[in-house]
Amino acid sequence: MNKKNYQKDFFIYGVACFALFFVPLILGNDPFYINKSSTYICLGLLAVSLSLSWGYTGILNLGNAVFFGLGSYCMAMSLKLKTDAVHTGSGGLPDFMVWNNVKTLPWFWEPFHSLTFGVFAGIFVPVLLALALGFSILRGRIAGVYVAIITLAVLLVVYLLIMDQQRYTGGFNGITDLVTLKVGILEFDAYHPATYYLITIVMTIVLFITLLITKSRAGLIFQAIRDDENRVRFLGYDVGNYKTAAMCLSAAIAGIAGMLYTIVMEFASPTFLAVPLSLSIVIWCAVGGRQSLLGSFLGAIVITAGQGFLSESETFLHTWTLVMGFVFVLSVLFLPKGLAGFFEKYFKK
Amino acid sequence: MENKKKLLSLESIIVDFDGFKAVNDFDLNIFDGELRCLIGPNGAGKTTVLDIICGKTKSSSGKVIFNNESITNLEEHLISRKGIGRKFQIPSVFKELTVQENLYVALNSDLGFFKNVFKFFNKSDREKIEEIASFVGLKDELKKTAQFLSHGQTQWLEIALVVLKQPKLILMDEPTAGMTSYETNQTAELFNKIKKTQTLIVVEHDMGFVKEISDIISVMHQGKLLSEGNASFIENDPKVKEAYLGKKGITNA
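As they're listed, the protein sequences go chains A and B.
Residue numbering for the first sequence follows my numbering, beginning at 1 and increasing consecutively.
Residue numbering for the second sequence follows my numbering, beginning at 1 and increasing consecutively.
Simulated from the structure, these hints should not be mistaken for lab results.
Note that CB positions come from ideal geometry on N, CA and C, so glycine has one too.
A few of these clues could be false.
[As the list claims (entries may be wrong)] Using 30 Å as the maximum straight-line C-alpha spacing, the simulated DSS-like pairs for lysine-lysine come out as follows:
| no. | chain 1 | residue 1 | chain 2 | residue 2 |
| --- | --- | --- | --- | --- |
| 1 | A | LYS345 | B | LYS95 |
| 2 | A | LYS337 | B | LYS143 |
| 3 | B | LYS165 | B | LYS119 |
| 4 | A | LYS215 | B | LYS119 |
| 5 | B | LYS195 | B | LYS6 |
| 6 | B | LYS82 | B | LYS224 |
| 7 | B | LYS5 | B | LYS211 |
| 8 | B | LYS5 | B | LYS139 |
| 9 | A | LYS215 | B | LYS115 |
| 10 | A | LYS8 | B | LYS123 |
| 11 | B | LYS82 | B | LYS196 |
| 12 | B | LYS82 | A | LYS215 |
| 13 | B | LYS143 | A | LYS345 |
| 14 | A | LYS8 | B | LYS115 |
| 15 | A | LYS8 | B | LYS128 |
| 16 | B | LYS168 | B | LYS82 |
| 17 | B | LYS128 | A | LYS215 |
| 18 | A | LYS215 | B | LYS95 |
| 19 | B | LYS144 | A | LYS337 |
| 20 | B | LYS5 | B | LYS165 |
| 21 | A | LYS345 | B | LYS144 |
| 22 | B | LYS119 | A | LYS337 |
| 23 | B | LYS143 | A | LYS215 |
| 24 | B | LYS58 | B | LYS195 |
| 25 | A | LYS8 | B | LYS168 |
| 26 | B | LYS56 | B | LYS224 |
| 27 | B | LYS128 | B | LYS196 |
[As the list claims (entries may be wrong)] Partial selection, computed: residues in chain A whose CB lies under 7 Å from chain B:
| no. | residue |
| --- | --- |
| 28 | VAL145 |
| 29 | SER216 |
| 30 | ARG217 |
| 31 | ALA218 |
| 32 | LEU220 |
| 33 | ILE221 |
| 34 | ALA224 |
| 35 | ASP228 |
| 36 | ARG231 |
| 37 | ARG233 |
| 38 | TYR237 |
| 39 | ALA245 |
| 40 | GLN307 |
Chain B with its partners taken away, still in its complex shape (with noise of 0.2 Å):
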């Protein structure tokens, strides 16, 4: 890791819900290429610490360097512009629109009102829509309303919707949730063909899926970083253990 560029550093991050420090001091350092899980108990700040990064919430003190550059409490669109993509941890897409409406809203670089006001689908836009849908495997749904897909289906395109922008770093909060185990499985397998081309952050609790994807591991624990490490230093850190996976280990957590 130590040769890779450094993509995107949180330096002592701290939000202050009312008195109540949701994210305490926390540093993190994501570079170039890699796919960090960021698992935690429950209140521990993982999507905070998203929200922070792709400006949702605004931090009380600390900075947010993304590409050497400060991007800390920036507007979300702007931040959203540098090459930062969000996935939410409820499913959020357009439900009144088709899928086909959905990637289409979401496949374009000129993002201002007027550039977008008399500007309609054409061939070059279906091929790619057809792509990326392909690619999460809606290919057969793209007429279908959004509100008519599975829940696993919401959940691709969503990532569909983000991965479409081609952002540099993409923030995921817990993809896998609700999804049936068959559903888990296309999406790590999803996952893995994502991150050959993008920097991930997954914020995620199914452990299976973790190990399964992840490079590192960062662990919080009240709103700091517990631990560091691969899945199998992780499990047998005796920090983590106490705090979150049990005495049993990862495996069975």
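Chain A with its partners taken away, still in its complex shape (with noise of 0.2 Å):
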């Protein structure tokens, strides 16, 4: 609220972003763990997404991933419509497309020739399911664990259509064998050093441009609702707007995360809006401070990266999810606000 208050914020985050760049430096430019890193990035912006909705608003959106999941797909059917024709049907249509016998290339994909239509795409098309959702359930006072149940519905029915127009979506396949993002000169590997640098440099900016919204009067805003929706309503304000207009937020940022996870990953897959990822989401959130968007960033980073690393371990091969059950339990029990808590409450002043 006050100036200091603010001050301090964007200096906490200022030096975390900043922190981001050299890690590419201190993991020697090892191209898998570069990537690793670079997956890790996109799957905190997905929490920064759900922090806004969950955290700052009070909307428990189990079906975040479907936002992610969306924006992935949008950029891998601009990729993947810009592969050699070696590995495409005749005409440029897709491999898979030609294995299902689809003859000519679907309308909805043709815009997708261009990257520009894609990027956009990845953004506009979760905010139009946002919206939707916003206005159907949102705006018609539903609320608390109904917008749970019906944003994990939502999530399902859209992962199933999308295995089940295998001929336009790939199916359980996924949308595989992309062409690497080239922007101008600049080509972005995904084991590359660059791919790593541009995913943190959109993450730092939409961190900090969410940063600026929660530190507005319509964050505040946003916070009341959470706290008591009712009060707000008295006050003249329209509670339903406001909240679909954080679940569009949400499903921008999470629409940007799933078009950067595309790159890094080299493909896009069902498993990209399946329950599990959906409801990791929450646990990310829950560890790192779901009221906080760089704790919930952090509780993502540290979450999946431990993931890597125990399922990597020999000594934890077989155990690693009992480990991660464990840490989520124990932060549910002693840190009610996640780590983000923790370290305002030891660190303040």
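Two chains, two frames, some hints: make the complex.
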């Protein structure tokens, strides 16, 4: 609220983002770890998206991965259409369509020839879905656990649609064998530090815009809605509109994270919008501190990196899920506000 | 009262909760500038009447006229924008925000999302917030998170949120419930200050408090208006005595 607090937060966020730029140097530009770190940052951004809707506005969106997945597919569609003709059918038809006896490129694939359109769609398709959800459930006064159930159901519906429409979406296999992203003379190979920097820069920009929004009056109104929705309504605010806005912003962030994820993973897969990932986001935010954007971001990184580390180590090969579960239980029991709450408590002033 | 402008009128309001008529053919007229107390035994329908006025509950039939226009069953935020503020029985403030932030949320006439999305706290906001905070006696608590306020302070904070919007009419539901006698006295003083600029309807059980602040008292019983008048009139009305106050009268109730 007061200026000092603003400055402190911007400073902490700035330091954290700045530090991320040195990660490739520490890793000695090892391609495998650079790629891993890039994926963690994408997932971190996904946690920021849920932090905004759940931690700030109180909308527990269990289907948040649907926005991530849609963003990811939009990017993949654009990159797929740019692959060399050797790997595709006649006239640049994607390989999986050829295998599924699709003769011509479906109409909704056409505009993805343009990468600009792909990026645009990667943000606006999720936002449009959020808008539809907002108008139908949030403005209809559905709240709390019902929102969680409905969003989870929506996630499943989209997931099943993508699995079912193999001819147009690649089904179970997703969209694979993508061309590397090229912007002008820059080429973003998934294992190259350039991609890491691209992702970190985009993440930093998005994180700071989100921080600015949460510090604005609208951000306070979001939090007020989380604390007491009725009070906000009786102060003259249209709560449904604000909740829809929060969900749209959250969807846009998740869409961007999804697009970046496609670039590092080099494919889009239905697992990007499956239930396990979607529920993991909730855990990342809970462990990191859902009421802090940076906390959620770091929570995602700590947990996904921890998972990566444990599942690759021989000692925990078979038990790493237990360890992660234990960490989650501990943080719920002892850190109700997550890591962010812990640091705030012990390092305040 | 006759020469004053009628600010709010309820005309034969009926609220039907699945067959139970919480409010049954109820009429009420509130004039500009008065402080009306609404009393009655538990279940008389007082809170429901407030809910009807501010849009929280929808009436089954009847009309609510505010400032010469019908606001019957409008959405809550639209009624609020017409100039009706509501304070709830259970104090409703934004628990995880500071007092200052709570007030900043209420201090706003541009209510749309896009008008607020990159808007930040400025100096004139600070002045207004400090002014209202000293008005309700929370000037020293501005930086405190609302969940750490005492019960009385929480009530005052919510009163401040409501008053800050400068509504023409304020509805208060049991503002002194759970307060210490010291806090009740402070609240009575606060109400006498608010009364100077705003019209109020106050639902209250504390008869001492009612006598302290009210002009006219309306007594409800079983969803209907039982009696209306000043404190001494109500005190001596046999119907009221029977239904509510007991034989000993208002002072010892």
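Comparing the hints with the structure gives:
no.: 1; hint: A:LYS345 / B:LYS95; result: 18 Å, holds
no.: 2; hint: A:LYS337 / B:LYS143; result: 20 Å, holds
no.: 3; hint: B:LYS165 / B:LYS119; result: 18 Å, holds
no.: 4; hint: A:LYS215 / B:LYS119; result: 9 Å, holds
no.: 5; hint: B:LYS195 / B:LYS6; result: 16 Å, holds
no.: 6; hint: B:LYS82 / B:LYS224; result: 27 Å, holds
no.: 7; hint: B:LYS5 / B:LYS211; result: 24 Å, holds
no.: 8; hint: B:LYS5 / B:LYS139; result: 35 Å, violated
no.: 9; hint: A:LYS215 / B:LYS115; result: 14 Å, holds
no.: 10; hint: A:LYS8 / B:LYS123; result: 20 Å, holds
no.: 11; hint: B:LYS82 / B:LYS196; result: 20 Å, holds
no.: 12; hint: B:LYS82 / A:LYS215; result: 29 Å, holds
no.: 13; hint: B:LYS143 / A:LYS345; result: 16 Å, holds
no.: 14; hint: A:LYS8 / B:LYS115; result: 26 Å, holds
no.: 15; hint: A:LYS8 / B:LYS128; result: 25 Å, holds
no.: 16; hint: B:LYS168 / B:LYS82; result: 8 Å, holds
no.: 17; hint: B:LYS128 / A:LYS215; result: 19 Å, holds
no.: 18; hint: A:LYS215 / B:LYS95; result: 17 Å, holds
no.: 19; hint: B:LYS144 / A:LYS337; result: 18 Å, holds
no.: 20; hint: B:LYS5 / B:LYS165; result: 22 Å, holds
no.: 21; hint: A:LYS345 / B:LYS144; result: 15 Å, holds
no.: 22; hint: B:LYS119 / A:LYS337; result: 27 Å, holds
no.: 23; hint: B:LYS143 / A:LYS215; result: 16 Å, holds
no.: 24; hint: B:LYS58 / B:LYS195; result: 28 Å, holds
no.: 25; hint: A:LYS8 / B:LYS168; result: 40 Å, violated
no.: 26; hint: B:LYS56 / B:LYS224; result: 20 Å, holds
no.: 27; hint: B:LYS128 / B:LYS196; result: 19 Å, holds
no.: 28; hint: VAL145; result: 20 Å, violated
no.: 29; hint: SER216; result: 5 Å, holds
no.: 30; hint: ARG217; result: 4 Å, holds
no.: 31; hint: ALA218; result: 4 Å, holds
no.: 32; hint: LEU220; result: 5 Å, holds
no.: 33; hint: ILE221; result: 6 Å, holds
no.: 34; hint: ALA224; result: 4 Å, holds
no.: 35; hint: ASP228; result: 5 Å, holds
no.: 36; hint: ARG231; result: 4 Å, holds
no.: 37; hint: ARG233; result: 5 Å, holds
no.: 38; hint: TYR237; result: 5 Å, holds
no.: 39; hint: ALA245; result: 5 Å, holds
no.: 40; hint: GLN307; result: 31 Å, violated
Hint compliance for this structure: hints 8, 25, 28 and 40 are not met, and every other hint is.
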